[in-house]
Amino acid sequence: MFLAASSYASKVDFAFYFIIYTSVILLGLIVGFMLFCVIKYSKKNNPVPTQIEGHVGLETAWTIGPTIIVMMMFYYGYQGWIDMKTIPDDAMEVKVIGKKWSWSYEYKFTDNGVEKVKRSGTLVVPVDRNVKLRIESLDVLHSFYIPAFRMKQDAVPGTPYYMWFRATEVDQKYDVFCAEYCGDSHAYMRSYVEVVSADAFEEWVRKEPPPEEMGEKLFHEIAACSTCHSIDGSKLIGPSLKGIWERRGKVVTDGKERSIVADEEYIINSIRYPQKDYAKGYEGVIMTAFDETVLSDEDIAKIIEYLKTLK
Amino acid sequence: MAQTAAELSYTPYHRETSAFSGIFSWIFSTDHKRIGILYMISVLTMFIGGLCLGLLIRLELIAPGATVIDAPTYNAVFTLHGVIMIFLFIIPGIPAIFGNFIMPLQIGAEDVAFPRLNLLSWWLYISGAALLIIALFTGDKLPDTGWTFYAPYSTATEGNISLAVFAAFVLGFSSILTGLNFITTIHRLRAPGMTWFRMPLFCWGLYATAWIQVLATPVVGITLLLVILERGFGVGVFDPAIGGDPVLYQHLFWIYSHPAVYIMILPGMGVISDLLPAFTKRTIFGYKAIAFSTVSIAVVGYMVWGHHMFTSGMSGTAQIVFSFLTFLVAIPTGIKIFNWIASLYKGSIELRAPMLYTLSFIFLFSIGGLTGLVLGALATDMHVHDTYFVVGHFHYVMFGGLGIALFGAMHYWFPKMFGKMYNEAVAVVAWALIFVGFNVLYFPMFILGWNGMPRRYYDYLPEFQYWHVVSTIGSWILALGIFMMLFNLIRGITSGEKAEDNPWGASTLEWTVPSPPPLLNFLEPPHVTHGAYDFEAMNKGKKDSKKKKKGKK
Amino acid sequence: MDHAEHHEEHPMIGYGTYISVWLALLILTSLTVAIAGFDLGQYTTAVAMLVAVVKTTLVGLYFMHLRYEPKVFHYMILVTFLIMVVIVIFTFIDDYRFSYLNHEVQAEVHH
Amino acid sequence: MSHTANVAAPAHIHKDYNGAKIGMWLFLFTEVLLFGGLFLIYAVYRTAHSHDFAEAAKELNVVLGALNTAVLLTSSLTMALAIACIHRAKKTLALTYLGITILCALVFMVIKYIEWSGKISHGLYPGSEFIMANYSKGQRIYFGLYYSMTGLHALHVIIGATILTVMFYVIYQRPNETHRWDVFGKDALNGCRVAILDKDGNEKWGSEIDESVKQVHLKMRYYSTPKRIKHEDYVSLENSGLYWHIVDVIWIFLFPLMYLIG
Ligand code: HEO
Ligand code: HEM
Ligand SMILES: [Cu+2]
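Protein chains in written order, with my numbering: chain H, 1 to 311; chain F, 1001 to 1553; chain B, 2001 to 2111; chain W, 3001 to 3262.
Quick caveat, the hints were computed from the structure, so don't treat them as lab data.
Honestly, I wouldn't trust all of these hints.
[Said to hold, decoys possible] Below, computed lysine-lysine pairings styled on DSSO-like, alpha-carbon distance capped at 27 Å:
id	chain 1	residue 1	chain 2	residue 2
1	H	LYS311	H	LYS235
2	H	LYS44	F	LYS1346
3	H	LYS43	F	LYS1141
4	H	LYS43	F	LYS1540
5	H	LYS40	F	LYS1346
6	H	LYS118	H	LYS173
7	W	LYS3219	W	LYS3204
[Said to hold, decoys possible] With beta-carbon atoms standing in for the labels, derived distance ranges:
id	chain 1	residue 1	chain 2	residue 2	range
8	W	MET3109	F	THR1529	51 to 59 Å
9	W	GLU3129	F	ALA1066	20 to 28 Å
10	W	LYS3058	H	VAL261	21 to 29 Å
11	F	ALA1432	H	ALA91	54 to 62 Å
12	B	VAL2085	W	GLY3151	23 to 31 Å
13	H	GLU283	W	LEU3155	28 to 36 Å
14	H	SER197	B	LEU2082	19 to 27 Å
15	W	LYS3058	H	GLU203	38 to 46 Å
16	F	GLY1193	B	TYR2068	43 to 51 Å
17	F	ALA1066	H	GLU213	49 to 57 Å
[What the hints assert, rightly or not] Examples of chain H residues toward chain F, derived with CB under 10 Å:
id	residue
18	SER42
19	PRO66
20	TRP81
21	ALA91
22	MET92
23	LYS108
24	PHE109
25	ASP111
26	GLY113
27	VAL117
28	GLY121
29	GLN172
30	GLY233
Beta carbons: idealized from backbone N, C-alpha and C, even for Gly.
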């Protein structure tokens, strides 16, 4: 069977196998009895049927029996779930932000008494440590799903929801999927969890990319603009941003066409209020709006610096 | 066979003349039998459309990456596949076709209570279907939300949602009218002596279904209307940008759509309860238990909708309550299954095509239902929700349940509806292909789902490919079987042998009228003196009437 | 069909009855409006709903003749009413819908 | 024998008076649940944002709302009276009451129009910039619901009024009764005789049915007297009345929930 790598995964698997094995037995009995009757009481073997109206004892038996069985199933289901839902108090919090079509992660930490935020496009977590996820969405519904942890929680715009896990295997990399349909590239809204040792984690959190690389990282990983905008001129969901800086172009605002120059103001507006102007040819294509909580003004400035390099 | 006096002197319903001629004598007919046939043609057409889309989905998924279509098209294809299969195939399915044709015959009525509403219901069905097709060819982008139309994606996407949603609204209306008609018919038009507990179980299934149709459909109606208002005017009730709560949309949607799964399955269960006695020649085991379990499924079915929302961000208490009640639904369903297999005991079983479908229904539906328990359990659903495990589950219950029951019904009532017989050997081969193809197609989905393959995925990781390929091959076997079955039935209509009035020796009332029945169903007003599956009384009755006839001579 | 022959004619309801019901309805309406003036706090809505239910009952029993209809009608109405209650209660069990919308709440189950 | 039964039968299916009423009530249930969905949404948001709802409700005009309640209640009365008059075969009076009912519907719509247009001119409508800028989430939802619920209700008033107008015409047309039998292809009728007899049983008019007859069409004129009134004469009016009353009942709930939250 495939790997189960979180603290509660084994309970989930137990509930699963309990239900499956019980079901297989029941189904076996049902099919067995059916086959037996079909042969034993075929028209040839039993030309004269016996009319049996019913039997109160049997009727009671197959009401009470299944009731007991399903209550057990409910109980084991509940057992595994209550673990998932009871978030340990000592858990380290990571913010998970879903948007069309990428996941990004934010870690708060203190460095010499200064509050800092680390952002990443991969969920890096220390092994054997309780991790609490605060799951948010910027646009539509998404669902944060790590099969190896048997864990899933929808990301609902407007409301954060919480989930937690404790990874049990070190130096592993697992897939993260989006499990709630969210548009064209739903199937590509993937990410990874990397489980590392506690020391490696501390080192990783504190490591900042050099400032000049930050714009690139934001563009490709954290804000993941690159899921919709190519940098090589090819057309994805949105227009390519190759040579965008100071490019002249046409946009559609409130149904009317107008010419613009892609200067700083225009780019900032396109990130903050993407539905105001549509690049011509992309009318109605809804881009996620990034407010200050997700991309600060400095972040946008860094992204613009990066865009300037895309000649 | 020598023709009896009755046969010589009646006009079958499809030959009857009316104020209209040609095709108009059908599409403007208020005769429940003609409307049943109209529904049969339109529902099966839609089914074939949906089936082709299903095959296209499977073809695309034969390998990772782009295979035959691009991602937006794929998303539109599964949305349409779902919408067509749910709203145009499976919900109208058995009630609209066989409920219309057979139910009035079974209770000894001349027609349904409101024949004109019945026709209106068909017209609404056609309008809904037309609107859906119009939605495909207008607007900038195909509707791509999945059949669940979840907000806020549905309120924000540029896809042509409003029209598609309106189509679903219209279809809901059609469904409501059918339900309203059947409740009134069963209350008011039962023949003298046809007491509630002498009714065939098929009628019980329809009766419970009809109540759900009447009391659940309006809720989805208003929900879909709100999606349209949201798109048009921004009323904001589901849009978090304005202040609304998308999870509330899910509550409202499932308040209808969970009871709707019982709209789908209860008529199918009714069919099975009718077919079993016909091919075992013995009364059904536990008639009342089956009747009551039908009603209790309908009732408890109203209280479990939250099991679709375990990962949506619902309160913990709600999750526990909904999970608990979900397990309770399994109990009446189990009672049915056990009574059915007990009905085989000491029968005199004939494995004709309808009976093969009946037995495979019990098998496939059980697999579907039992995997439903995995979904209903809290811990496991957190993992398998929105994966192929769910896709496997609902195809087993819907297609393996209702779909197979519908195929069985098509064979069983075929001689009554058309007065002809299909070729039995071809029917059995087609059944075998369907049965094998079905399992090869859908069983791998459980494995995929348990291993974490999400649903509604255009593309997937290479490690999932093996089972996807198996599944795609299964889809071809299944499709082959279905086309063979349809071909065989159509050939039966055009050039089948003439069928007797009661070719199966079944005990319910519809078999006492000529095949095909005359316009007003009964040549002599029926008088019911025994239960639906009372073979002894039926055989005695036959002897008595023969004696009488002899005596007259 | 057997029912069709002996459909019971319900007794003629006097004009006076209708007019009294109408007057009662108008009085109840003024009552609701008046009560809204006082501040009954959380009970305002409860009282308003209670009055609305009484008004509905009057309309149903007299204007819609339910008093004189066969029992089936009453059972059917009861079923519809119960379904409505079930839908509301079960939605309300999910109380995150109320708390979450305004402020942040923990998603844990507290035991 | 059996074939005559075939021909006569459809007529008596339609005479199932209780059946027609059950059908109507079932339809009313769907209406109740249609609004039920909205009331459920209302209940959830009201619980979540009770303060905002109370604030937003202050924008509504209680006097107009109460007036409209009275108008609808009165129309329900006249509707019931119209049916009572038909029972007693008082056609003119019934038509008068029915007319008043339709008039009330119009008055209701006019008042509704005044309310809505007043609000809209102040920028109080869903999605308006004014609302988005000045109102909290709960208040925006309140207005979204206000327009959806009263709008859907108004739509029902319009539909109801249309049905009543049709009924007005139908009753006005009475006492002309038309009966039509298709006899074409019903061999059993061949050779039968259609006749009109006077009270002594003498034939005043008569004719044979042969192949050339396709339809028998009878147009009768009678005057409604209490004895002659049959269920068929007012079951459709009663059913329209039921619809009208349910529209009223929904308003009975909408009024306090929208206008009177303190
Ligand atoms: C015909 C339609 C139909 C039917 C009859 C059912 C029946 C059931 N369903 Fe299913 N369902 C249906 C159609 C769907 N369901 C879904 C999704 C779905 C989900 C949500 C999954 C998720 O999204 O995470 C759950 C929890 C269930 C549970 C159940 C259960 C417990 C039953 C029970 O009623 C089954 C009862 C039957 C049993 C149990 C087997 C027979 C009994 C035996 C053999 C006796 C012995 C049994 C015991 C002792 C237990 N279903 C979806 C997905 C919608 C979407 O998201 O797109 C659809 C379409
Ligand atoms: C040959 C027949 C069929 C094939 C090959 C098929 C295949 C599929 C597949 C692969 C999916 C999953 C798509 C995805 O998640 O990406 C799907 C979805 C679905 N199918 Fe089928 N199916 C068939 C018949 C049916 C029938 C008969 C029904 C109903 C009775 C049905 C109802 C649905 C529904 C409701 C969905 C969900 C759509 C959505 O996610 O919105 N299918 N089908
Ligand atoms: Cu369900």
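Evaluation of the provided hints:
Proposed proximity of H:LYS311 and H:LYS235 is supported: the alpha carbons are some 16 Å apart, at most 27 Å. For the hint linking H:LYS44 to F:LYS1346, the alpha-carbon distance of about 12 Å falls within 27 Å, and the restraint holds. With a C-alpha separation of about 58 Å, the suggested pairing of H:LYS43 with F:LYS1141 is violated against the 27 Å cut-off. As the CA atoms of H:LYS43 and F:LYS1540 are separated by approximately 21 Å, the hinted pair is consistent with the 27 Å bound.
For a cut-off of 27 Å, the pair hint linking H:LYS40 to F:LYS1346 stands: about 8 Å separates their Cα positions. A hinted pair counts as satisfied when its Cα atoms are at most 27 Å apart, and H:LYS118 with H:LYS173 qualifies at roughly 20 Å. Between W:LYS3219 and W:LYS3204 the alpha-carbon distance is near 16 Å, which keeps this suggested pair within the 27 Å criterion. A C-beta distance of roughly 57 Å is found between W:MET3109 and F:THR1529, which places it inside the suggested range of 51 to 59 Å.
Look at W:GLU3129 against F:ALA1066: about 43 Å separates their beta carbons, and that is not inside 20 to 28 Å. Distance hint for W:LYS3058 and H:VAL261: a CB-CB separation of about 48 Å, inconsistent with the stated range 21 to 29 Å. In this structure, F:ALA1432 and H:ALA91 meet the distance hint of 54 to 62 Å, their C-beta atoms being roughly 55 Å apart. Range check, B:VAL2085 to W:GLY3151: about 26 Å between beta-carbon atoms, so the 23 to 31 Å window is met.
At about 32 Å, the CB distance of H:GLU283 to W:LEU3155 agrees with the hint of 28 to 36 Å. Evaluation of the 19 to 27 Å hint for H:SER197 and B:LEU2082 yields a failure: the beta carbon distance comes to about 58 Å. Evaluation of the 38 to 46 Å hint for W:LYS3058 and H:GLU203 yields a failure: the beta carbon distance comes to about 59 Å. The given range of 43 to 51 Å is broken by F:GLY1193 and B:TYR2068, whose C-beta atoms sit roughly 29 Å from each other.
At roughly 32 Å, the beta carbons of F:ALA1066 and H:GLU213 sit outside the given window of 49 to 57 Å. A cut of 10 Å between beta carbons decides the hint on H:SER42: the least distance to chain F is about 5 Å, and the hint holds. For H:PRO66, the shortest C-beta to C-beta distance to chain F is roughly 4 Å, which falls under 10 Å, so the interface hint holds. Interface hint at H:TRP81: satisfied, since its Cβ lies 3 Å from the closest Cβ of chain F, which is below the 10 Å cut-off.
The beta carbon of H:ALA91 is not positioned within 10 Å of any beta carbon in chain F (closest approach about 17 Å), and the interface hint is therefore violated. Interface restraint check: H:MET92 against chain F, minimum CB-CB distance 21 Å, threshold 10 Å, status violated. Proximity of H:LYS108 to chain F is violated relative to the hint, the smallest CB-CB distance being about 22 Å (cut-off 10 Å). Interface hint status for H:PHE109: violated, as the beta-carbon distance to the closest one in chain F is roughly 27 Å, over 10 Å.
Against a cut-off of 10 Å between C-beta atoms, the interface hint on H:ASP111 is violated, since the closest Cβ of chain F lies about 33 Å away. Taken as an interface hint, H:GLY113 does not check out: its beta carbon lies about 35 Å from the nearest beta carbon of chain F, beyond 10 Å. The beta carbon of H:VAL117 is not positioned within 10 Å of any beta carbon in chain F (closest approach about 24 Å), and the interface hint is therefore violated. Hint status for H:GLY121: violated, given a least beta-carbon distance of 18 Å to chain F, over 10 Å.
Of the supplied interface hints, the one on H:GLN172 is violated, with its beta-carbon coming no nearer than about 15 Å to a beta-carbon of chain F, more than 10 Å. Checking H:GLY233 against chain F by beta carbon gives a least distance of about 19 Å; that is not within 10 Å, so the hint is violated.
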